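Visitor: From first to last, the protein sequence lines are chains R and Y. Reminder that position 53 of the first sequence reads as 53 in the numbering used here, one-by-one numbering, no gaps. Reminder that position 389 of the second sequence reads as 728 in the numbering used here, one-by-one numbering, no gaps.
Hint data in this document are derived by calculation from the structure and do not stem from the laboratory. You may find that some hints are simply not true.
[Stated by the list, open to error] Which residues of chain R face chain Y? A few of them, derived with a C-beta cut under 7 Å, are:
1) G87
2) I121
3) E171
4) G172
5) D279
6) I285
Bear in mind that the values here come from a model prediction, so they are computed numbers and not experimental data. The beta-carbon is built from N, C-alpha and C at its ideal position, and this holds for glycine as well.
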Amino acid sequence: MEQKKGYCFTAIVGQEDMKTALILNVINPRLGGVLIQGEKGTAKSTAVRALAELLPLRNQVKGCRFNCDWEDKAHICEECLTKQRRGEKLATIQAPMQVIDLPVSATEDRVVGTLDIEHAIKTGEKKFESGILARANRNILYVDEVNLLDDHVVDVLLDSAAMGVNTVEREGVSFSHPADFILVGTMNPEEGDLRPQLIDRFGLSVKVIGERGVESRVKVLQERLKYEEHPEEFFQEYEPLQQDLRERILQAKARLKEVSYSQEMLELIAKICIKLDVDGHRADIVMLKTAITLAAYNERSQVEREDVLTAAQLALPHRMRKKPFEEASFDLSMIKEIQ
Amino acid sequence: MSMRKAVFPFTAVLGQDNIKKALIWNLVNPAVGGVLIAGEKGTAKSTLVRGMAVLSQERKIVELPLNVTEDRLVGAIDFQRAMQGGENVLDPGILKEADGNILYVDEVNLLSDYIVDVLLETTGTKLNIVEREGISCSHSSDFILIGSMNQEEGQLRSQFLDRFGLYVEAEGEKDLALRVEIMERRLDFEQAPLRFIQRYQEETQELSEKIRKARLFLPEVEVSRDNLMFAAYLSSQSNCVGHRGELVVIEAARAIASLDGRTKIEPEDILEAAALALVHRMKEFSLDLDGQSENSENQTEEPEQTFSNQEPDNSETENDAGQEADITEKVSESSDKDKKNRNPDDGDKNPEAEDEKKKQQKKENHGKNQNFRNPDGSFAARLMPLDGSNQNQIVSDQNWEETADFPTDSGEAQESRIGRDEIEAPGEIFQISKWQEGIYKKALSRSSGRRRNSISSNQQGRYVRYRLAGEEKVTDLAFDATLRAAAPFQHLRDKQNRAIAVEKDDMRVKIREKRSGGCILFVVDASSSMNANRRMQEVKAAILSLLNVSYQKRDRVGMIAFRKGKAELLLGFTGSVELAQKELEELPTGGTTPLAAGLDLAYEVTMTLLTREPDARPTIVLVSDGKATSRKWNNDTPFDEALEVAEKIGKQGLNTIILDTTEKSEKTVKPAKASYCGRLNEKLHGTLLTMEEIRAEGIVEAVARYQK
Chain R
1 MEQKKGYCFT
11 AIVGQEDMKT
21 ALILNVINPR
31 LGGVLIQGEK
41 GTAKSTAVRA
51 LAELLPLRNQ
61 VKGCRFNCDW
71 EDKAHICEEC
81 LTKQRRGEKL
91 ATIQAPMQVI
101 DLPVSATEDR
111 VVGTLDIEHA
121 IKTGEKKFES
131 GILARANRNI
141 LYVDEVNLLD
151 DHVVDVLLDS
161 AAMGVNTVER
171 EGVSFSHPAD
181 FILVGTMNPE
191 EGDLRPQLID
201 RFGLSVKVIG
211 ERGVESRVKV
221 LQERLKYEEH
231 PEEFFQEYEP
241 LQQDLRERIL
251 QAKARLKEVS
261 YSQEMLELIA
271 KICIKLDVDG
281 HRADIVMLKT
291 AITLAAYNER
301 SQVEREDVLT
311 AAQLALPHRM
321 RKKPFEEASF
331 DLSMIKEIQ
Chain Y
340 MSMRKAVFPF
350 TAVLGQDNIK
360 KALIWNLVNP
370 AVGGVLIAGE
380 KGTAKSTLVR
390 GMAVLSQERK
400 IVELPLNVTE
410 DRLVGAIDFQ
420 RAMQGGENVL
430 DPGILKEADG
440 NILYVDEVNL
450 LSDYIVDVLL
460 ETTGTKLNIV
470 EREGISCSHS
480 SDFILIGSMN
490 QEEGQLRSQF
500 LDRFGLYVEA
510 EGEKDLALRV
520 EIMERRLDFE
530 QAPLRFIQRY
540 QEETQELSEK
550 IRKARLFLPE
560 VEVSRDNLMF
570 AAYLSSQSNC
580 VGHRGELVVI
590 EAARAIASLD
600 GRTKIEPEDI
610 LEAAALALVH
620 RMKEFSLDLD
630 GQSENSENQT
640 EEPEQTFSNQ
650 EPDNSETEND
660 AGQEADITEK
670 VSESSDKDKK
680 NRNPDDGDKN
690 PEAEDEKKKQ
700 QKKENHGKNQ
710 NFRNPDGSFA
720 ARLMPLDGSN
730 QNQIVSDQNW
740 EETADFPTDS
750 GEAQESRIGR
760 DEIEAPGEIF
770 QISKWQEGIY
780 KKALSRSSGR
790 RRNSISSNQQ
800 GRYVRYRLAG
810 EEKVTDLAFD
820 ATLRAAAPFQ
830 HLRDKQNRAI
840 AVEKDDMRVK
850 IREKRSGGCI
860 LFVVDASSSM
870 NANRRMQEVK
880 AAILSLLNVS
890 YQKRDRVGMI
900 AFRKGKAELL
910 LGFTGSVELA
920 QKELEELPTG
930 GTTPLAAGLD
940 LAYEVTMTLL
950 TREPDARPTI
960 VLVSDGKATS
970 RKWNNDTPFD
980 EALEVAEKIG
990 KQGLNTIILD
1000 TTEKSEKTVK
1010 PAKASYCGRL
1020 NEKLHGTLLT
1030 MEEIRAEGIV
1040 EAVARYQK
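Can you build the whole structure from these sequences, using the hints too?
Guide: This is the structure we're talking about:
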């Protein structure tokens, strides 16, 4: 069965913060992912999948279960290296970025990988059977309802996300492989919290709410109907916009290394973090990276004040030092006066 | 197999001097016994640990992943060789790899209890003894144990805490320029890791050379008897548990002296070491201002005895007799002064004493005392309230001023604690959180902070180890263990064309551990009697504090309120403490007191929970004055009805706490036992606390009792 072509990213109405946060992560995978907080039915999953489809194909080693990129020498898996040392030729194929789902019911051995039982029984040999984290390497790992995952699964997940490596010392196997993925989590805060330590590991966070205005709601419906009933028309209509965004992302990726920042901007970031009394230094670093990525996305080679303020909105709300029973609130006005 | 990853250079990390010191001392002298780094997220904790590997030529870092299973930790039978050749050979685990190296556990407070038990045993004996799966062997497993954690996520068992030689806390830098520099370095590193590492190469090499020299020099450093006495003195002064404290102090001081190229250990070295070695061994390292005044007398008596007792029988360090005399003199002087200071009439402000001390100070310190105290003064700040006077002897002039002021500080703190009673509304987080902060700190300082992981009986939770399947039907087979069990017998068995034959006796099933936390159900009286004298505000504040503790412990909370003739479940068990708080804030008061209905609903809710999750450990917290005024079944007095339900709950053995909100004035009339709550508690077999107790220190006790 041929898979139906997904929705167009550019056809998603509203949810600008979410879209920006996702795009920024694709431009700069080092931002540390996005946590999307909000109600059901707000196009969260659609947006993530649509973004992956928008992106151009990239190279990966054929048959590698970690989707290695042969060009990226620092992140090649042990298996590809062994093959190469043995003089085997590694074929490269073109493949799209994928969205790998991590279901709430996932058990730890399915996430990190485990002993390949079939292989062991058949041959009497130990072999590592890779899990979801292996497939997620170089892809987007999408965790719906991340706050409902078993605590210990979240622990390993975020640990891998931070290190870019999955280390397994379980059930008779000892193995480690690259697990460098863009982590996208969603949660509904009413159903329970994510521990502060874990929430901090998400680079950015955005809140989504359903579109409130009648007009935009109608627009959402119209586009959706068009996609269902006349997909060809729909894709034709959006192709130019899709192409534009694709180009813009690619250019931003290329520009990323050239973006510079002034001492003043660094100080602004530090001042904001001090003012808001956020824990540790991760917030500063993520904010700076986000501002740089924003500048690149906005076709500039210099970080400006507006980049920093937007970055603050994306990187700080979930990192505000939460008084035991206060809702962590972030208000742009709190930092606007900071010079 | 390890991934090659560029590591942020140790020497490029700004600030966090205490962590750096602690790690370096361990490299110089592994007898220091490791270090536990506690601190908020994003403070370079793990960066520093991973960065320290390059500083040592012979030790590498072995990381212990949180989800390690027992077989990979201690080692197990080599499955492949057993299958192929029928050999019983050990496939060594992480404990073997860690031997002679550094074992690093990130998020060490989240480690499974069983794994902690194994670590405790290994760090104690320095041996890993494997007696399992037909294998019987042992090997050395002597490593430097380094852990890092965020205290917000729970504490370590005190026994495990004690295994870490040193304890340091990490905090984010507040200085603007430093923050900017930290950002810049991180970004530079990420953009070109190798170039960045190159830039710090020279510094790294210098430090690594310094450590190497210090390690070679270490045997030259002599430990004098005075050193031992001073360490023991500090340890007993800071009310430390056990004797490991002073040993670590001495070993760390040796490292300090050795790094400095000195053969003698100075008192400052010992102080510097003590700052990182004793804090986590103090019985209570929170600012327990209340308790201090009562027992400081006893505490200060002890060291004097210790000194005089030790004097005659210690013969090991006679060659240092000269220095010894000097110190003894110093000590006797210091105890004199202590007495003076304890005297309320001259106190700390006595100018004469101050001058004398300053003079004494200069004489003793040889101008070397610039940095023996933590820049943040945390050790002193903690030590001080326990016994401020003795410490004055040894801190520098400038620091002395601060310490002299300390009693004033504590006075203020006491005042503000009284001020905290005036909570106008539960919504005023500032006052409440201040109050909570005190409670929270105390809760943390007690050893039994974290709820013990429970062993899960269904198939949820983390597979940590296995057991024999026995006669039962196997539902959760531990494949790896089963295969290992079957492997050695393969050459004897009829495999019937299969690669491996598994028999019933080989079957192993998984033992899973689940970090379950407790379930706390608040049953709140919201009747009009709770309105008197703003009682409800205090009650709400008290519940908020308890909720806060629950939050730290990852407990789930639920809430029932009863008023106006009925009881309502406001909130089912949830991990979101915020929701409970919202409900509480919006909770109106007024009307009659249907106590029986409230308790009955609590019973129902709790029993439902236990049906669904047999592993859950619920606690019912009743917050009421116990004066029932409204019936549920109309066949008894309201209070007798409540007693009936209480009996039902008591018979189930459910864990209960009553928070008695009766006014103090009313209480003087009757003894506690005869009060309404007292009578309820007799039926519940739970814990009875008054509001006053809760406010003073009862919460900690209450929390400790949850864990039974």
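Visitor: Hints first: check each against the structure and report whether it holds.
Guide: Hint check:
no.	hint	verdict
1	G87	21 Å, violated
2	I121	5 Å, holds
3	E171	4 Å, holds
4	G172	4 Å, holds
5	D279	4 Å, holds
6	I285	5 Å, holds
Hint compliance for this structure: hint 1 is the single one not met.
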